[in-house]
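According to the UniProt record's numbering, the sequence shown is numbered sequentially starting from 1.
Warning: the hint list may mix true and false statements.
[Said to hold, decoys possible] Label-pair distances were calculated between CB atoms; the ranges are:
hint, residue 1, residue 2, range
1, 173, 109, 19 to 27 Å
2, 87, 35, 31 to 39 Å
3, 40, 116, 31 to 39 Å
4, 184, 41, 25 to 33 Å
[As the list claims (entries may be wrong)] Here are the computed lysine-lysine pairs in the DSS-like style, where the Cα-Cα straight-line distance is at most 25 Å:
hint, residue 1, residue 2
5, 120, 62
6, 120, 154
7, 51, 62
8, 136, 154
9, 98, 51
Simulated from the structure, these hints should not be mistaken for lab results. Model, not experiment: these values are computed from the prediction. Even for Gly, the Cβ is constructed at its ideal location relative to N, Cα and C.
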Amino acid sequence: MADKSIPTLHYLDIGRLGRGEVVRLFLRDAGIEFNDVRHAYNDTWPATSAKLKEQGITRTGKVPALLINGLVLNQHIPILRYLARETGRYDGETNHEKFQVDAVADVYNDWRIQWVAMLKGVTDEYRNKIVPEYYKVISEYYSANNGPYLLGGKVTYADFAVYQSIDNDERIGALPAELPEAVQRFREAFEARPTIAAYIEENRPKKA
């Protein structure tokens, strides 16, 4: 029986793919204990989605959904913003810093629309045009504050989204052989965070 006194994350049971994984990474890094409910993504999903709507867990029938502090939160980037504000961490301090974090989150969202369409097969246009341009733009943002994170030495909620884009492009075979230096430096720093390193190790495929 799930403990209702701690947050509950609803998402699809699709491993490390997708936007729910961004929220999961954030919760782990922030040290927030949570119930991790993973719904099967097969022919039962339409019925499950309808049930979640009836229960008020999602208005759109889509997940992730985070039940926290008596609230039901949907849409993964707004969820990250809520958690950043709730914890008093993971966001910019000045108005300009907050702008940079929000701007990169928007760039990530534009990437994600293109990425979802590639789950049935990666096109040459995505691999050779869309992906390189995305990482070029991300690199320009990450170079502005001397890295390794978007705002320099402090991690923000946008960093979790950008990391997920790198990881998920790799998982569909679309990641460039070489990332821009600023992006590669960010990836290495992010994966070296103790909570993230432990999570990656836990989810590494077990050898037969």
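For each hint, the structure was consulted:
{"no.": "1", "hint": "173 with 109: 19 to 27 Å", "result": "22 Å, holds"}
{"no.": "2", "hint": "87 with 35: 31 to 39 Å", "result": "18 Å, violated"}
{"no.": "3", "hint": "40 with 116: 31 to 39 Å", "result": "19 Å, violated"}
{"no.": "4", "hint": "184 with 41: 25 to 33 Å", "result": "31 Å, holds"}
{"no.": "5", "hint": "120 with 62", "result": "19 Å, holds"}
{"no.": "6", "hint": "120 with 154", "result": "36 Å, violated"}
{"no.": "7", "hint": "51 with 62", "result": "11 Å, holds"}
{"no.": "8", "hint": "136 with 154", "result": "21 Å, holds"}
{"no.": "9", "hint": "98 with 51", "result": "37 Å, violated"}
Hint compliance for this structure: hints 2, 3, 6 and 9 are broken, all remaining hints hold.
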